[in-house]
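Asks: Letter by letter, the chains look like this.
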Amino acid sequence: MPEMTEDPEAEYDQWFRACFPRAVTIARRVVGPENAEDAALEAFAIAFARWKRVRELPYRDGWVLKVAFHEALKHADRGEPRPQPADPYASSEDEVVLRRTLVQALLRLPRRQREAVALRYLVDLPEREVAAVLGLSTGTVKTHLHRGLTRLRAVLGPESLGGDTDGSFL
Amino acid sequence: MAHFSDHDGRVEALLAEAKDRGRRLRSHRRNARLGGAGVVLLLAVLAAVFVTRSPTSTKVNVGGPTTLFPAGSSVPGPTLPPTPGPSSTGTPASPSSTTTPACQASSLQAQGSWQGAGGSMAGGVSFVNVGKDSCFVEGQPTIELFDQHGQRLNVVAAQPSVAPLPATRVLLAPRSAPASVLVQWFNWCGTDPGPVGAKAILPSATASITVTPPIGLIPHCNNAASPSTIDVGSFTQG
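For the protein sequence lines, the chains are A and B, in the order given.
Taking this note's numbering, the leading residue of the first sequence gets 2, the next gets one more, and so forth.
Taking this note's numbering, the leading residue of the second sequence gets 42, the next gets one more, and so forth.
The hints are simulated quantities; they were obtained by calculation from the structure and are not laboratory data.
Any given hint might turn out to be false.
[What the hints assert, rightly or not] If you want the ones that stay clear, here's a sample from chain A, every Cβ over 12 angstroms from chain B, calculated:
#	residue
1	R54
2	L103
3	K143
[What the hints assert, rightly or not] The calculated SDA-like cross-link candidates involving lysine to any residue, where the alpha carbons are at most 25 angstroms apart (straight line), are:
#	chain 1	residue 1	chain 2	residue 2
4	A	K53	B	A57
5	B	K60	A	P59
6	A	K53	B	N263
7	B	K60	A	E7
8	A	K53	B	V52
9	A	K75	B	H261
10	A	K75	B	R64
11	A	K53	B	H261
12	A	K53	B	K60
13	A	K53	A	R109
14	A	K75	B	G172
Values in this document were obtained by computation on a predicted structure and should not be read as measured data.
All residues carry an ideal CB built from backbone N, CA and C; glycine is no exception.
Full structure from sequences and hints, please.
Replies: Given below as structure tokens:
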């Protein structure tokens, strides 16, 4: 359960400072460094607009990370700009291609499978927290993960996931 | 230490930016709700002036053309002025209201308030209980879009950018304050559909509610390879 303070806005500030870097990391795995910060900002803006309700969520970290993931997917769907060689922070073309391939594969999954895979393997949430964020039982989450990874293997090729289905390729 | 201070300063700037965007989002949502409520009020006044209620309660669609949609759509009844008094405020259901039934499509009237938003079409749909008894709505309705000939547009539900919050049950007293949902429509790359009609389907129902007026704003085509999507929020009070 998140810590609640007397001042809701101060509580938001504290939460932002603690959780924002993680949201940027998640977004970067989907959309690359060029747009990751913007996707994370958008997620926290949505959280601020709904803070009265979001602050009471017992799994609000997972919630905002999931929103950051979706915002990053939106950026990715619009297409990333080609990396500029002069920009030391830009992704290499190989990285962009790899990321786009992964994003396209994720977008082909049914929503629940995509969310479960993203939260488990991009956000690194334990299955119990994934279940809480998605409002599902742990068993259902396991089923979505198994099916999602199986479909990703079919899309990306049998070599992409190695010998097991632990999702470590992500 | 200078590096650490720069980092802190950067985080604080990002924090301020997030809150600024959040305030704008909140303001946008509020305006959408107020816009919807304003249109409902205006129609209520017009209806009060022009619609004469007969003993047989002839149904009149005061919000828009009835020929826009094929048969099967529910036709809203006349809009009447809200009943004054404390009961005119929609309130979240309390334990004492657990016997209140879920609203049926036939007892609701839906009013849209549409505007452009950065290349997309954003708006709010307000649902007013035009039945005789209180009822509740909760969750997210489905919004379907149709071209000027009544053909359904190929628009898919967007993957929610926001994880659904726990559903809030909104109690609707008869002819009282509405429940609202936010709607955003993206990336229309098809032919010009003309004025776009919208129908709302409640989560627990199959019958639809005609949303009036039709949508006159078509979202920009951002990516012809991607489907057109519509993002519908959950019912909120007001």
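Asks: Please work out if K53 (chain A) and H261 (chain B) have their alpha carbons no farther apart than 25 angstroms.
Replies: violated, 33 angstroms
Asks: Against the 25 angstroms threshold, does the CA-CA distance of K75 (chain A) and G172 (chain B) hold or violate the hint?
Replies: violated, 40 angstroms
Asks: Within 25 angstroms, alpha carbon to alpha carbon, are K53 (chain A) and K60 (chain B)?
Replies: holds, 14 angstroms
Asks: Does P59 (chain A) lie within 25 angstroms of K60 (chain B) when you go C-alpha to C-alpha?
Replies: holds, 21 angstroms
Asks: Is it correct that the beta-carbon of R54 (chain A) has no partner in chain B closer than or equal to 12 angstroms?
Replies: violated, 6 angstroms
Asks: When you look at the beta carbon of K143 (chain A), is every beta carbon of chain B farther off than 12 angstroms?
Replies: holds, 19 angstroms
Asks: Find the nearest Cβ of chain B to the Cβ of L103 (chain A) and say whether that gap is larger than 12 angstroms.
Replies: The claim stands: L103 (chain A) keeps its Cβ more than 12 angstroms from every Cβ of chain B (closest is about 16 angstroms).
Asks: Given the hinted pair K75 (chain A) and R64 (chain B), is their Cα-Cα distance within 25 angstroms?
Replies: Distance of about 21 angstroms is within 25 angstroms: holds.
Asks: Between the alpha carbons of K75 (chain A) and H261 (chain B), is the straight-line distance 25 angstroms or under?
Replies: The hint holds at about 15 angstroms.
Asks: Checking one constraint from the list: CA of K53 (chain A) to CA of V52 (chain B), max 25 angstroms. Satisfied?
Replies: holds, 23 angstroms
Asks: Next pair to validate is K53 (chain A) with N263 (chain B); report whether the Cα-Cα distance is within 25 angstroms.
Replies: violated, 33 angstroms
Asks: Taking 25 angstroms as the top limit, are the C-alpha atoms of K53 (chain A) and A57 (chain B) close enough?
Replies: OK: K53 (chain A) and A57 (chain B) at ~18 angstroms, within 25 angstroms.
Of the hints listed earlier, those the structure fails to meet are numbers 1, 6, 11, 13, 14, in rising order.
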